[in-house]
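Visitor: Can you build the whole structure from these sequences, using the hints too?
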Amino acid sequence: MLEYDAAALGWLGHTMPITDRAASVLDTFYGEGIGEKPIIFIAHSLGGLVVKQILNRSATVGKETERVIAEKTCGVVFMATPHTGADIAKFVNALGSILQQTDSLKELAADAAPLRDQADWYQHQSEMLGIKTRSYFETIPTPVVNLVVDQTSANPHVTGASVVPVDANHSGIAQIASRNLPHYKSLRRFIKDSLANPT
0 MLEYDAAALG
10 WLGHTMPITD
20 RAASVLDTFY
30 GEGIGEKPII
40 FIAHSLGGLV
50 VKQILNRSAT
60 VGKETERVIA
70 EKTCGVVFMA
80 TPHTGADIAK
90 FVNALGSILQ
100 QTDSLKELAA
110 DAAPLRDQAD
120 WYQHQSEMLG
130 IKTRSYFETI
140 PTPVVNLVVD
150 QTSANPHVTG
160 ASVVPVDANH
170 SGIAQIASRN
180 LPHYKSLRRF
190 IKDSLANPT
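With numbering that gives the first Met the number 0 applied, the sequence shown covers 0 to 198.
These are computed hints drawn from the structure, not numbers from a lab. Misleading hints may appear alongside valid ones.
Straight line, CA to CA, 35 Å or less: simulated DSBU-like cross-link-like pairs of lysine-lysine [stated by the list, open to error]:
no., residue 1, residue 2
1, 71, 191
2, 36, 191
3, 71, 36
4, 36, 184
5, 62, 36
6, 71, 184
7, 62, 191
Guide: Structure (structure tokens):
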């Protein structure tokens with residue numbers, strides 16, 4: 000598991016910009032030999048934006064050693080990830096009220112246009128790449144900021160992608176407390192189905 004520590008975004012005071020993080024992750028994948036087998040990304044919050052940047056870079060400007068990541072990705076699960084410009088701005092404001100401003104948040108706040116382009120790219124190219132998509136959104140408010148990512152924000156607008164409500168807040172949605180939870184079962188089934196017909 001590769002952690003992009005969204006919880007530490009502000010408390011550590013600094014993180015890489017998303018484009019740099021994506022390049023760093025791709026280099027990590029190369030070092031670990033990831034790309035020889037089918038890949039499924041499960042990403043929470045800001046991590047979902049990083050995943051889209053990873054796939055975009057891999058498919059469009061990546062070196063041969065990077066392109067294999069987009070080619071081998073058969074599924075992406077977004078857990079409380081915002082997907083549109085207005086929703087990203089709302090997301091930044093919500094996080095900014097509970098976390099310190101970091102490079103990643105400043106990048107989002109300063110210019111959401113590249114992220115809108117990224118969302119458009121994923122919406123249209125994920126299907127062409129054979130990537131199945133599933134998205135979950137929180138239904139329990141987070142203290143102070145209410146819902147960080149609601150149903151509208153969580154919709155990646157990918158044909159055939161399910162957008163599923165979860166009885167959890169923004170941080171709790173990524174914590175699987177029991178294998179009996181409905182979203183754990185559907186997530187497990189999604190992984191199984193994606194691997195049954197990998198790209």
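Visitor: Next, verify each hint and record whether it holds.
Guide: Tested hints:
1. 71 - 191: Within the cut-off at roughly 15 Å; holds.
2. 36 - 191: Holds. Residue 36 to residue 191 sits at ~14 Å (cutoff 35 Å).
3. 71 - 36: Within the cut-off at roughly 7 Å; holds.
4. 36 - 184: 23 Å, holds
5. 62 - 36: 18 Å, holds
6. 71 - 184: 24 Å, holds
7. 62 - 191: Holds. Residue 62 to residue 191 sits at ~30 Å (cutoff 35 Å).
Checked against the numbered hints given earlier, this structure breaks none of them.
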